[in-house]
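Spelled out from the first residue to the last, the chains are:
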Amino acid sequence: MFHITIKSRIVFIAIVLICPWIFYLIPAVSHYLDILIFAGIYCLITIGLSLLMGYAGQISLGHAAFFGIGAYISGILTTKYGLNPWVCILIALFVSGFIAYCIGVPTLKLHGHYLAMGTLAFGIITFIIFNEEITYTGGPDGMGNIKELQLLGFPIDTNMKYYYLVWLTVVLALLFSVNLIQSRVGRALRAIHTSEVAASSMGVNVAGYKIQIFVFSAILASISGSFYAHYIKFLNPTSFDLFFSIKLLIMIVMGGMRSIWGAIIGAVIIAFLSFEWLGAFHEFETLAYGAILLLVTIFLPDGLVSLPGKFSEQINKYLSKIKA
Amino acid sequence: MDSAFFFTYFLQFVISGITIGSIYAMVAVGFNIIYNVTEIINFAQGEFVMLGGLIMVIFYNKLDLPILIAFLMTVIVVAMIGLLIDQIVIKSIKQPTVLTLIIGTIATSILLKGAAMFIWGKNPYDLPAFSGREAINFFGAVIQPQALWVIGILVVVVGLLSFFFEKSIIGKAMRACSDNQDAALLVGISVKRMILLSFALSAAIGAVAGVIVTPIALMEYDRGAMLAVKGFAALILGGLGSFPGAVIGGLLLGLIEALVAGYISSGYKDAFALAVLLILLFVRPHGILGNPTVAKFKKF
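Note that the protein sequences, when read in sequence, are chains S and L. For the first sequence, our numbering begins at 1072 and goes up steadily by one. For the second sequence, our numbering begins at 34 and goes up steadily by one.
None of these hints come from the bench; they were simulated from the model. One or more hints might be untrue.
Listing some non-contacts, in silico: residues in chain S with all C-beta distances to chain L over 12 Å [claimed, not checked]: (1) I1084; (2) L1096; (3) L1104; (4) V1166; (5) L1243; (6) S1254; (7) I1303; (8) K1388.
Examples of chain L residues lying across from chain S (beta carbon under 10 Å, computed) [to be verified]: (9) I121; (10) T130; (11) I136; (12) G137; (13) G147; (14) F151; (15) M259; (16) L307; (17) L311.
None of the values given here were measured: they were computed from a predicted structure. Heads up, the beta-carbon is just placed ideally off N, CA and C, and yes, glycines get one too.
Could you build all of it, start to finish, from the sequences and the hints given here?
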């Protein structure tokens, strides 16, 4: 599961390239393109988070905040100060990375799961700031008029163009993460997940690796937030609340914590759930997400990616029974 | 501003700080009871408080039961929910690592919040104060009678709990589990039962906090998360695992929050309370009363 073959990478890139045209050609599902853009935006966050959870064994309940910092820095700097959007994405990325470093150093050096509570507190504080700093963020009323991105003078003005921008970034993030997992850093991270004591006695700098991954995941979330701001063009603090952090957690647990594919599958499913399938049942949404997370944790601890393996195992058992 | 005026204001902030701090202290004590026996930080701890307030609304406002019976029934129902969480959620997690247990309790917390939204809707509910709402004058500051109830009940709860953990045989058994589960098992303590009891006890204390705070602060379905994270801040402030620490931490956090709300900004009072948690994690993660050497052996 940890090794990701060249073949599966090529298949993934092919799916990413072909998928929108299928939706584009069938009018009944043409709005799925919009949902897929959101799914891609989520994927950018979950890829980083799954490295943190599945490989470093740490939980973050504050990634909505990094997502929000990316979105608001992009939104505020482009609309109020007229800066180049790509420069803003870079600024946001550095700010998020720096904040993640500041939170990560003390909490990850502690033994255990203080990062969970530290990021939870940080996420709520950021949410309060988004709500209170009305002069910059517009407060609970939100802020609008964010312009679309341009690449080399060409505006990215259609859903199809935006799809490719977001998903090609996802591919880059994925390839980078896959290389990371299959390098020395990845082996160190897996060692940390299995046993911190054993890893550190083998000379692995446990805290150092965890901090690097946490900062990396925050940077991805920030880029994702900037893309979100330029796509949706209107920001409201409720998109960056604690429940969104928990939704990200659900995506990863549902897809499978121990595989990077799980992060992508989870993000796509939750995007479809929240924009398409659960939209009509707004009253049930919280209840449904709670139930999903609980059921997956209890019955499918390795997530949806473990299903094909389990299925073939069952078939093999059945076949061997017949032979006997 | 003349000094008498200043003093009255200060006193008023201190009183409201201690009142709300008592609630945080009770949440922190609830965290501690489960943590000490199981080393689980129960992220659904705040939901017990929310459920306590809202279930009391059913028993007292809707069914018109006498206040004492309604109170007892509420505590029993919430304690049963605590039992169910241990039986259904905690026991069925197959690979009980700290990570999966955190995820399990987070799932429980969302599930309870979603169910509460479904049952009670999104509006806040009020309960009548236990002995009216006529304010008492105290050196120029005013005290709600309910605030005295809150502080009094905190004292009673802490008193009963320390008696339970110091003197009773079951309390001693629970403490033994927190020291060393294997050793406790060897001397014939049923660790499973102690874990079950810890969930019920901690849910019951959360319910008590919910019932007594609702007449002051109202109660609605989504209050659990904030109460949990503030209770946790109080817990870290006092030192994870310590009961006196939990109470002192809760009161201190309430005071900080009330003074920030009074003198700096009411919009940022929650942010300050949580900033206290972050700063503590940075400079003194074992808390004011905690011991750094002991803290090293903890799993969370």
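Verification of the hints:
Every C-beta of chain L lies more than 12 Å from that of I1084 (chain S), the closest at about 31 Å, which supports listing it as non-interface. Under the 12 Å C-beta cut-off, the non-interface status given to L1096 (chain S) relative to chain L holds; the minimum distance is some 38 Å. With a least CB separation of 30 Å from chain L, L1104 (chain S) remains clear of the 12 Å interface cut-off, as annotated. With a minimum CB-CB distance of about 17 Å to chain L, V1166 (chain S) clears the 12 Å threshold, and the non-interface call stands.
Interface exclusion of L1243 (chain S) from chain L stands, the closest Cβ pair being 28 Å apart, more than 12 Å. Once the 12 Å rule is applied to beta carbons, S1254 (chain S) is consistent with being away from chain L; the minimum gap is 24 Å. Interface exclusion of I1303 (chain S) from chain L stands, the closest Cβ pair being 24 Å apart, more than 12 Å. Even its closest Cβ contact with chain L, about 19 Å, leaves K1388 (chain S) beyond 12 Å, as expected for a residue assigned away from the interface.
For I121 (chain L), the suggested interface contact is upheld, since its CB lies about 8 Å from the closest CB of chain S, less than 10 Å. A hinted interface residue such as T130 (chain L) counts as satisfied when its beta carbon comes closer than 10 Å to some beta carbon of chain S; here the least separation is about 8 Å, so the hint holds. Checking I136 (chain L) against chain S by beta carbon gives a least distance of about 5 Å; that is within 10 Å, so the hint holds. Taking 10 Å as the C-beta cut-off, the interface hint given for G137 (chain L) holds, the closest approach to chain S being about 5 Å.
Because the closest C-beta pair between G147 (chain L) and chain S is about 3 Å apart, less than 10 Å, the hint holds. Here the hint on F151 (chain L) is kept, as its CB sits about 6 Å from the closest CB of chain S, short of 10 Å. At its closest, the beta carbon of M259 (chain L) sits 7 Å from a beta carbon of chain S; the interface hint therefore holds under the 10 Å criterion. Below 10 Å, beta-carbon pairs count as interface contacts, and L307 (chain L) has one with chain S at about 4 Å; its hint therefore holds.
For L311 (chain L), the shortest C-beta to C-beta distance to chain S is roughly 5 Å, which falls under 10 Å, so the interface hint holds.
Violated hints are absent here; each numbered hint is respected by the structure.
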